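Asker: As a plain string of letters, each chain reads:
8 protein chains.
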Amino acid sequence: MKLKVYLSGEIHSDWRTQIIEGCKRQELNITFSSAVTEHDASDAAGDGLGEESTSFWRDHKSAKVNAIRIKHAIESCDLAIIRFGEKYKQWNAAFDAGYCAALGKPYITLHDESLVHALKEVDGSAQAWAQNPEQIVNILKYLTTQA
Amino acid sequence: MKLKVYLSGEIHSDWRTQIIEGCKRQELNITFSSAVTEHDASDAAGDGLGEESTSFWRDHKSAKVNAIRIKHAIESCDLAIIRFGEKYKQWNAAFDAGYCAALGKPYITLHDESLVHALKEVDGSAQAWAQNPEQIVNILKYLTTQA
Amino acid sequence: MKLKVYLSGEIHSDWRTQIIEGCKRQELNITFSSAVTEHDASDAAGDGLGEESTSFWRDHKSAKVNAIRIKHAIESCDLAIIRFGEKYKQWNAAFDAGYCAALGKPYITLHDESLVHALKEVDGSAQAWAQNPEQIVNILKYLTTQA
Amino acid sequence: MKLKVYLSGEIHSDWRTQIIEGCKRQELNITFSSAVTEHDASDAAGDGLGEESTSFWRDHKSAKVNAIRIKHAIESCDLAIIRFGEKYKQWNAAFDAGYCAALGKPYITLHDESLVHALKEVDGSAQAWAQNPEQIVNILKYLTTQA
Amino acid sequence: MKLKVYLSGEIHSDWRTQIIEGCKRQELNITFSSAVTEHDASDAAGDGLGEESTSFWRDHKSAKVNAIRIKHAIESCDLAIIRFGEKYKQWNAAFDAGYCAALGKPYITLHDESLVHALKEVDGSAQAWAQNPEQIVNILKYLTTQA
Amino acid sequence: MKLKVYLSGEIHSDWRTQIIEGCKRQELNITFSSAVTEHDASDAAGDGLGEESTSFWRDHKSAKVNAIRIKHAIESCDLAIIRFGEKYKQWNAAFDAGYCAALGKPYITLHDESLVHALKEVDGSAQAWAQNPEQIVNILKYLTTQA
Amino acid sequence: MKLKVYLSGEIHSDWRTQIIEGCKRQELNITFSSAVTEHDASDAAGDGLGEESTSFWRDHKSAKVNAIRIKHAIESCDLAIIRFGEKYKQWNAAFDAGYCAALGKPYITLHDESLVHALKEVDGSAQAWAQNPEQIVNILKYLTTQA
Amino acid sequence: MKLKVYLSGEIHSDWRTQIIEGCKRQELNITFSSAVTEHDASDAAGDGLGEESTSFWRDHKSAKVNAIRIKHAIESCDLAIIRFGEKYKQWNAAFDAGYCAALGKPYITLHDESLVHALKEVDGSAQAWAQNPEQIVNILKYLTTQA
Numbered sequence: 068m069k070l071k072v073y074l075s076g077e078i079h080s081d082w083r084t085q086i087i088e089g090c091k092r093q094e095l096n097i098t099f100s101s102a103v104t105e106h107d108a109s110d111a112a113g114d115g116l117g118e119e120s121t122s123f124w125r126d127h128k129s130a131k132v133n134a135i136r137i138k139h140a141i142e143s144c145d146l147a148i149i150r151f152g153e154k155y156k157q158w159n160a161a162f163d164a165g166y167c168a169a170l171g172k173p174y175i176t177l178h179d180e181s182l183v184h185a186l187k188e189v190d191g192s193a194q195a196w197a198q199n200p201e202q203i204v205n206i207l208k209y210l211t212t213q214a
Numbered sequence: 068m069k070l071k072v073y074l075s076g077e078i079h080s081d082w083r084t085q086i087i088e089g090c091k092r093q094e095l096n097i098t099f100s101s102a103v104t105e106h107d108a109s110d111a112a113g114d115g116l117g118e119e120s121t122s123f124w125r126d127h128k129s130a131k132v133n134a135i136r137i138k139h140a141i142e143s144c145d146l147a148i149i150r151f152g153e154k155y156k157q158w159n160a161a162f163d164a165g166y167c168a169a170l171g172k173p174y175i176t177l178h179d180e181s182l183v184h185a186l187k188e189v190d191g192s193a194q195a196w197a198q199n200p201e202q203i204v205n206i207l208k209y210l211t212t213q214a
Numbered sequence: 068m069k070l071k072v073y074l075s076g077e078i079h080s081d082w083r084t085q086i087i088e089g090c091k092r093q094e095l096n097i098t099f100s101s102a103v104t105e106h107d108a109s110d111a112a113g114d115g116l117g118e119e120s121t122s123f124w125r126d127h128k129s130a131k132v133n134a135i136r137i138k139h140a141i142e143s144c145d146l147a148i149i150r151f152g153e154k155y156k157q158w159n160a161a162f163d164a165g166y167c168a169a170l171g172k173p174y175i176t177l178h179d180e181s182l183v184h185a186l187k188e189v190d191g192s193a194q195a196w197a198q199n200p201e202q203i204v205n206i207l208k209y210l211t212t213q214a
Numbered sequence: 068m069k070l071k072v073y074l075s076g077e078i079h080s081d082w083r084t085q086i087i088e089g090c091k092r093q094e095l096n097i098t099f100s101s102a103v104t105e106h107d108a109s110d111a112a113g114d115g116l117g118e119e120s121t122s123f124w125r126d127h128k129s130a131k132v133n134a135i136r137i138k139h140a141i142e143s144c145d146l147a148i149i150r151f152g153e154k155y156k157q158w159n160a161a162f163d164a165g166y167c168a169a170l171g172k173p174y175i176t177l178h179d180e181s182l183v184h185a186l187k188e189v190d191g192s193a194q195a196w197a198q199n200p201e202q203i204v205n206i207l208k209y210l211t212t213q214a
Numbered sequence: 068m069k070l071k072v073y074l075s076g077e078i079h080s081d082w083r084t085q086i087i088e089g090c091k092r093q094e095l096n097i098t099f100s101s102a103v104t105e106h107d108a109s110d111a112a113g114d115g116l117g118e119e120s121t122s123f124w125r126d127h128k129s130a131k132v133n134a135i136r137i138k139h140a141i142e143s144c145d146l147a148i149i150r151f152g153e154k155y156k157q158w159n160a161a162f163d164a165g166y167c168a169a170l171g172k173p174y175i176t177l178h179d180e181s182l183v184h185a186l187k188e189v190d191g192s193a194q195a196w197a198q199n200p201e202q203i204v205n206i207l208k209y210l211t212t213q214a
Numbered sequence: 068m069k070l071k072v073y074l075s076g077e078i079h080s081d082w083r084t085q086i087i088e089g090c091k092r093q094e095l096n097i098t099f100s101s102a103v104t105e106h107d108a109s110d111a112a113g114d115g116l117g118e119e120s121t122s123f124w125r126d127h128k129s130a131k132v133n134a135i136r137i138k139h140a141i142e143s144c145d146l147a148i149i150r151f152g153e154k155y156k157q158w159n160a161a162f163d164a165g166y167c168a169a170l171g172k173p174y175i176t177l178h179d180e181s182l183v184h185a186l187k188e189v190d191g192s193a194q195a196w197a198q199n200p201e202q203i204v205n206i207l208k209y210l211t212t213q214a
Numbered sequence: 068m069k070l071k072v073y074l075s076g077e078i079h080s081d082w083r084t085q086i087i088e089g090c091k092r093q094e095l096n097i098t099f100s101s102a103v104t105e106h107d108a109s110d111a112a113g114d115g116l117g118e119e120s121t122s123f124w125r126d127h128k129s130a131k132v133n134a135i136r137i138k139h140a141i142e143s144c145d146l147a148i149i150r151f152g153e154k155y156k157q158w159n160a161a162f163d164a165g166y167c168a169a170l171g172k173p174y175i176t177l178h179d180e181s182l183v184h185a186l187k188e189v190d191g192s193a194q195a196w197a198q199n200p201e202q203i204v205n206i207l208k209y210l211t212t213q214a
Numbered sequence: 068m069k070l071k072v073y074l075s076g077e078i079h080s081d082w083r084t085q086i087i088e089g090c091k092r093q094e095l096n097i098t099f100s101s102a103v104t105e106h107d108a109s110d111a112a113g114d115g116l117g118e119e120s121t122s123f124w125r126d127h128k129s130a131k132v133n134a135i136r137i138k139h140a141i142e143s144c145d146l147a148i149i150r151f152g153e154k155y156k157q158w159n160a161a162f163d164a165g166y167c168a169a170l171g172k173p174y175i176t177l178h179d180e181s182l183v184h185a186l187k188e189v190d191g192s193a194q195a196w197a198q199n200p201e202q203i204v205n206i207l208k209y210l211t212t213q214a
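Protein chains in written order, with the numbering used here: chain A, 68 to 214; chain B, 68 to 214; chain C, 68 to 214; chain D, 68 to 214; chain E, 68 to 214; chain F, 68 to 214; chain G, 68 to 214; chain H, 68 to 214.
Bear in mind the hints are in silico, worked out from the structure with no lab data behind them. What you are looking at is a predicted structure, and each value in this text was computed from that prediction instead of being measured. Hints are supplied without guarantee of correctness; some may be wrong.
[To be verified] 20 Å max Cα-Cα, derived EDC-like pairs, lysine to aspartate or glutamate:
1) G:K71 <-> D:E142
2) B:K156 <-> A:E88
3) A:K156 <-> B:E153
4) H:K208 <-> G:E201
[Unchecked claim] Some chain E residues flagged as far from chain C (calculated, every beta-carbon gap over 12 Å):
5) W82
6) Q85
7) E94
8) T98
9) S100
10) S101
11) E105
12) T121
13) F123
14) S129
15) A130
16) Y155
17) Q198
18) E201
19) Q202
From the three backbone atoms N, C-alpha and C, an ideal C-beta is built for every residue, glycine too.
Chain A on its own, in the form it takes in the complex (with noise of 0.2 Å):
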């Protein structure tokens, strides 16, 4: 089986790199999608529009342009994997989540012990919690290995 996977949260560590590298090295049949993780970019994503006079307005045209990739990915996704790291308020991926459950797509949270409490709503909607990348690949691989 083939599954188009969107990674959702954190861009402060290398757990996508980890998961992405991870399947390729058991040349599992799957495609990942993501945000534009290149902060800078992603926070400028609305600048090329014109310049704002208050960050709100500037943080509101990037984010409604990066909203179109993101939307974009989770609506053709499989399966999505949200992580939560122990830094910073991480409010878009719980966004993500949410968006995800209402549309029916299955996601699997990403995260350390410690955040169970804060995150029980998110955990409760999903699938599985894996609390490191390794545990994703394994279920990738036993998701797509049987033909």
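Since the structure of chain A is provided, determine the placement of chains B, C, D, E, F, G and H on it from the hints.
Answerer: Here is chains B, C, D, E, F, G and H on its own, set in the frame of chain A:
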């Protein structure tokens, strides 16, 4: 016009009461819904189904019982107000926002200016950003007063 | 049969009143909805959320507040009447027509013969084209009088 | 990332070519669709089905034949670019925008600053407002360059 | 249980009355809807919108006005009864059946045994085939009597 | 909060009555629906439409008449309770659970611990697993008591 | 533009071949689908599943096997051509038209002028009415020739 | 015609192989999907995510991992074959049938005559009932052989 409004997010300040009372004083044609907002009762929502030995499964069971009410409230509302406070992660509020966005339910965020950058994706899909409950009451009045 | 009718478009003539009064006189079982039709209030719908330094963002905020009401009205109507006058661009009326078409909500256009060519795509997806409010009242009477 | 982009609106300037050529030069992974943009052919789309004695029915037949292509293009696109020029009513462009909005298809408007107030509802549901084709090309490059 | 039942098809016999009266006598909790069943009024439904020189366009305008009522009735019903008589083509009844099937609205056909082969596709998507109105009343009684 | 609850499954014990009576005693704002639960009447639901010579077609006709009521009940409920007893195959209960899952209707299973492994897929998509009717009543009380 | 076209209706004349050959000659980018059009094979579609003693159930089984193919063809097409001949009831063609209408699939009818009044509801929801296969080929050419 | 077929149910006999091999021999244009059918691997699907102390949660985790694959297979199939054997409860097969029914995915059941009464609701929503794999192969050949 009559509206059904779902109030999501922070449960440690009285913003819900301010909005509900404000609308009552103006005699607006609005009904409100919320998750169960009593903190301890909410955390214990699944306890009656049997004890658990790990906090993950205790949280999980409660979150899924609570989701019955939340899902019903979101799917039957015409508009959601989603509140983010200074404290706590409030991933459930961002999750609700994403859920609304995917269903095409309009929502208004309610938060301080200090959270603008962290909430840019959540605000990017919102119909409006308000900074205090009075602004919410005024918008609700505007939306519902004309026949 | 009972119908919920959404009235969209031109706010500078009394076509809404003519239709509503005409249906009242015939005691038809119809309820009507509209955007907020007071021009200044509508343009200022978002002003309470804070001042803006550019007209684009002022308009933007008001348009998005108004969209909460309009979207709700369209999605809960059984039929829309969409009026185009001689003056102004009235792109919002054509936008509402496209919104109805995509949702499968039937709509009737109301405009003079002079606009036929310019409105051919909008009329092409309509259930009918009427030239005056009396024709609309007669159709509504026909549609609702038999049990 | 690969995108399917639908180009809607004005047919009297070369904005379509500018965007398509601009994307080709950058070797972006994008396919484009449009309504039939040859004006006379479009107006005559239904003529082969028999002559009409009124311009309303001639227009009607052509509009409905054209709608087969437009509807297919919108429903299979990932993003629409909707262009409003200074001249003409262009209600079909606003109709397409409303159609996109109701389907949850993201769209970007392309128009001069002079049209801001008249297009506030159309812009209010858009993901972005651009003022020239180069800005569109840059956004498309941003959205599709990272894997 | 309460049901909304749409009655589609033949208008030249009194099958509608038999069903409605039969349900009334049993005091069943059912509301009924239909297209406008007065033949001449139905054919003239669009006449008030202006005279036509061809029968195609006269029929077209009336059919589209009638479709507003029919579509509303089908989309808000819980069950449709679709009647085929011996005479006439009754393509509108088969059209309604297909419309119900695509929406997942259950329907029961009502016709003589002589039409079995010609109606095999229509019956194939039906929940039941009845041969007389009494059978319909009995099924409606069965479906609604228990709480 | 008001809820519409569909009760599916086993008809040979009094679990429905226990839940309904328990909710009545607590004066909960809940309405209940079920398939026709009288066994013989249910098996004979299609008999009025003519005799059959094979048990397959007799069962088939009755099942399809019953499906009208069941489908309506599921599609209009806010929550389903799905009961599996020790005896019988009860494939219809599992079928209802799958139907709920695909529609996004939340459901709670009600069964003994001995059935845990056999029901793992059905429980996997459920919001909760209860072992007795009192637990169901308590959850319904929790979900509906706060405004 | 590429189109997937479903051909529905009459199987006793060569209209399908005329359209398919006409499109081939013009090298149009179109793929076609149909129900199984061999009459005897179609009537016997369910025979392999066991003999039946009544023609109703034999027809029923075959109709439901055929519906698998027809439903798949309609749901994956971009446009349907629906043909009504002079002979036979052809309720399945009208059923397909209703199915298309409910799904929002555009369709074109193909029939003689003599059937205009009987087909007014079917034509009322169509995008066009053609009287011969050449007109269909010309429309398909128009719709697909421009990129 | 090409078909994607999902094979659901019993994993203790070789019915899947018989169907797949039978279709290969006939060179039919069909692709097949299934849940992971290796019993032990399936029960252990969630084990890599951490040990559980109760069988309920172990089963639960595995069922939800498996559901990712099953849901994807059902939602992307054109037809499901659902097999019930003599042994075991096979509630997951009935669950899949209900899931298909709610999504409007056609399915064919495959079971012995002895199960007819117990499966009447599942058969009632099926397109056909087959008693052996050869019948399935013949239907698949019939459905796909004509272009």
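Asker: For every hint, state whether the structure bears it out.
Answerer: Verification of the supplied hints:
At most 20 Å may separate the alpha-carbon atoms for a hinted pair to count; G:K71 and D:E142 meet this at roughly 14 Å. Distance hint between B:K156 and A:E88 is unfulfilled; the C-alpha atoms sit about 31 Å from each other, more than 20 Å. As the CA atoms of A:K156 and B:E153 are separated by approximately 11 Å, the hinted pair is consistent with the 20 Å bound. A threshold of 20 Å between alpha carbons decides the hint, and for H:K208 with G:E201 the separation of about 33 Å lies outside it, so the pair is violated.
Here E:W82 stays apart from chain C, with its beta-carbon at least about 16 Å from theirs, past the 12 Å limit. The non-interface label for E:Q85 is consistent with chain C: the shortest C-beta to C-beta separation is roughly 16 Å, beyond 12 Å. Under the 12 Å C-beta cut-off, the non-interface status given to E:E94 relative to chain C holds; the minimum distance is some 18 Å. A Cβ of chain C approaches the Cβ of E:T98 within 12 Å, the least distance being about 9 Å, so the stated non-interface status is violated.
Some Cβ of chain C comes within 12 Å of the Cβ of E:S100; the nearest lies about 7 Å off, and the non-interface call is violated. Look at E:S101: its CB is around 7 Å from the nearest CB on chain C, not clear of 12 Å, so calling it non-interface is violated. With a least CB separation of 7 Å from chain C, E:E105 falls inside the 12 Å interface cut-off, contrary to its annotation. The non-interface label for E:T121 is consistent with chain C: the shortest C-beta to C-beta separation is roughly 17 Å, beyond 12 Å.
Every beta carbon of chain C lies more than 12 Å from that of E:F123, the smallest distance being close to 16 Å; the non-interface claim holds. Look at E:S129: its CB is around 10 Å from the nearest CB on chain C, not clear of 12 Å, so calling it non-interface is violated. Not every CB of chain C lies more than 12 Å from the CB of E:A130, the least distance being 10 Å, so the non-interface label is violated. In this structure E:Y155 is separated from chain C by more than 12 Å, as the shortest Cβ-Cβ distance comes to about 21 Å.
With a least beta-carbon separation of about 26 Å from chain C, E:Q198 lies farther than 12 Å from that chain, consistent with its non-interface assignment. Annotated as non-interface, E:E201 keeps its C-beta farther than 12 Å from every C-beta of chain C; the closest such distance is 22 Å. At roughly 23 Å, the least C-beta separation between E:Q202 and chain C is larger than 12 Å, which holds for a residue marked as non-interface.
When each numbered hint is compared with the structure, violations occur for hints 2, 4, 8, 9, 10, 11, 14, 15.
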